[in-house]
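Undergrad: Each chain, written out:
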Amino acid sequence: MKAMRLTGLMRKEAYEIIRDPSSIAIAFVLPLVLLLIFGYGVSLDAHHIKTAVVVDAPTQVTASFLAELGRSQWFEPTPYVDMTSANDAMMHGRADAIIWLRSDFTRLSYSSGSAPIHLIVNGVDANNARTIENYLNGTWLLWLRQEATLHGSHLHMPVAAETRVWFNPALRSRDYLVPGLIAIIMSLVGGLLTALVVSREWERGTMEGIMVTPVSKTEILLGKLVPYFVMGMGGMVLSTAMAVFLFAVPLRGSLLVLFATSALFMLTALGMGLLISVLARSQFVAAMVAIVTTFLPAFILSGFLYDIRSMPLPIQHLTYIIAARYFVAVLQSTFLAGNVWTVILRNCLGMAVLCAFFLGIALFRFRKRMD
Amino acid sequence: MRQVLQRVLALARKELLALLRDAASRAVLIGPPLIQLVVFGYAATYDLKNVPFVVYDQDQGRLSRDLIARFAGSPSFSLVGVVHDQYALEQAIDGESALMAMDIGPNFTSDLESGRSAHVQLILDGRNSNTAGLASGYAQSIVTTFNGAQITQNGWVPPSTIVVVRAWFNPNLDSQWFTVPGIVGLLTLVVSMLATGLSVAREREMGTFDQLLVTPMRPAEILLGKAIPGFLIGALEATVIVLFTVFWFHVPFTGSIAALYLGLFFFLLSTVGIGLMISSLAVTQQQGLLGVFLFLVPAIVLSGFATPIANMPQIVQYITLLDPLRYFLVVLRGSFLEGGGVSLFWPQYWPLAVIGVVSMIVAGRLFRRRLS
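In order, the protein sequence lines correspond to chains R and Z. Under the working numbering, think of the first position of the first sequence as 675, with each following residue one higher. Under the working numbering, think of the first position of the second sequence as -4, with each following residue one higher.
Hints in this document: simulated from the structure, not taken from any laboratory. Among the clues, some could well be false.
[Said to hold, decoys possible] Derived DEER-like restraints, expressed as beta-carbon distance ranges:
id, chain 1, residue 1, chain 2, residue 2, range
1, Z, R161, R, F933, 46 to 56 Å
2, Z, T210, R, V918, 49 to 59 Å
3, R, M907, Z, L4, 42 to 52 Å
[What the hints assert, rightly or not] To list a few chain R residues with every Cβ distance to chain Z over 12 Å, as calculated:
id, residue
4, A677
5, L896
6, V918
7, A937
8, V963
Because the structure is a prediction, the values reported are computed rather than measured. Glycine is no exception: its CB is placed at the ideal position from the N, C-alpha and C atoms.
Modelling step: build the complete structure from the supplied sequences, incorporating the hints.
TA: Laid out in structure tokens, this is it:
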């Protein structure tokens, strides 16, 4: 391997990048735009839930409960005269939940029998429905406690469970989604940057020109890898800066760990793109494979949104071949919990294995000859 | 007119052949969507089962063991370890071997037996705050059941009210019913973008687009010829995926097939239009690929597929109005779960039609501009 030949190849690739600015757009504009849209757009925290409220017989008790409901940041209650109109509102998407206090509510609440507060949720979005249920339970407990204090007693709960959420006490979903998004966006950037670079040379016939020169195949691949690695890391710095300064996600781990793991991940993502490029002789096929294998698997199987622990076991095993899975875990942990070495080392091992696999196969399958 | 039709069909046939002749691109177009439907259908779930938890039981009494047994016996939780000090508890959470830790104070049983409130602390790993929130909800409901049993056993006064929850359309809150119809839309979008997004850019890079332009075909005819294959492939693939959803995942189909296919027609009109628009804007295939991604990724993330649109800030909610998948997801979920018919979905149909017609016109204009 000669340093001069390698720099020559890298310079050629750099010209290629400058000539078609779409590579620069992929490395810098794509992360910027996507992180902006998603950082603001992706949230699992419901607030101002459109709630239809039906009270059959208004009394002081129902008024006090509704007041509590209106005070909470989660619910946006709208009164409806009867269940028919409330049902209609839910059917047409004007309400996501109905709260119904029947005519015997007040009587039952005094006569020790537990008076039911009926919550009817639109179960189509099951996760959202469960979140609404949890919010109502929280609001209800708060109200019970206040009522008890008001009447000079205190609420007697045999067991009082106090929940403490470590690393993210306010349960801000953005704090865990933004680090995950960086992993998704970076696997997209890495795969896209290199997916077309080798197949393009085959298709345009310029690969033949390179082949008659004395460069080795390792040098060709390295010449492709290094310039895009530098660009990908640039995109990574940009994304991290946005996460910390724009989205105010706490970075509790060290920057050094963050960048060392990012470098490893970037190599893995670029290696996957390069492998696609080497295996596909046409840009068209390479592009299709890149679309199918980079974004959707990273989006759904990486644990960025859907917790891997909730998936069925065979699918959990399948996630081991998704590089983003390891990076999502490292990022979420490094941003929110700090340098937890068991998490970092375990996931780095996974990335290293995948990286060696992708680059190894790419090198093995890349032939310096015509067929 | 007959000649026009002939020309359009000939081009459509050529496009279809170009897409399907190559074994590799045929495989990419047909195989992955079905595999992804099955894999994602099982993977994309927020439902929590077997939350791993550890216990730090400082009480070791009758009632603390009873409470632990209730957690360990529930399908939502699974006991993975017993720790004996605070440090081991922290290690279990930090190292992600447990998602929740139950810290039961030393006087738990005696407090309960003497009628005082007994305290238990639940520590949750908040690195995934959605999971933490759900697990906390499940834990609270187990504690509430435990409290109810204690109240009846000891004849204490119950709280004056209780919350009774009922879920419409999806009584068991099975999130597969929500995601799998969504995946139908997701994959139809990806396939139709694949089929159209690079088609013009490829011809332009290979130089065959110029040849197409010197034929007697008008830009509108070229556009139509290029749109038909994307339409056919998208519709066929969507049908297969819908059948899979019904017969493999057993998601109930309660609405009307006509309403679903009317939605599919308008949806494909808009995605094929956007795909052709991107394709005729791009000079190289790399630019085409970038364009496809720049559309595809936000279209999926902002569609309400994974996170509700209602949670987004108002400005982002306005952006989602341009997203065809947003409307089609409503049609899909409505047709599958809510029993909706054609009349319910007009608010979804017309924006799709507008997006489709506008993007087709723009794509045609871009052809014409290249002509001059």
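Undergrad: A separate judgement is required for each hint: does it hold in the structure or not?
TA: Hint by hint, here is what the structure shows:
Distance hint for Z/R161 and R/F933: a CB-CB separation of about 51 Å, consistent with the stated range 46 to 56 Å. Range check, Z/T210 to R/V918: about 56 Å between beta-carbon atoms, so the 49 to 59 Å window is met. For R/M907 and Z/L4, the Cβ-Cβ distance of about 50 Å falls inside the hinted range of 42 to 52 Å, so the restraint holds. The beta carbon of R/A677 is kept farther than 12 Å from every beta carbon of chain Z, the shortest such distance being approximately 29 Å.
The non-interface label for R/L896 is consistent with chain Z: the shortest C-beta to C-beta separation is roughly 21 Å, beyond 12 Å. For R/V918, the non-interface assignment is confirmed: its Cβ lies about 17 Å from the closest Cβ of chain Z, beyond the 12 Å cut-off. No beta-carbon of chain Z comes within 12 Å of the beta-carbon of R/A937; the shortest separation is about 22 Å. With a minimum CB-CB distance of about 6 Å to chain Z, R/V963 fails to clear the 12 Å threshold, and the non-interface call is violated.
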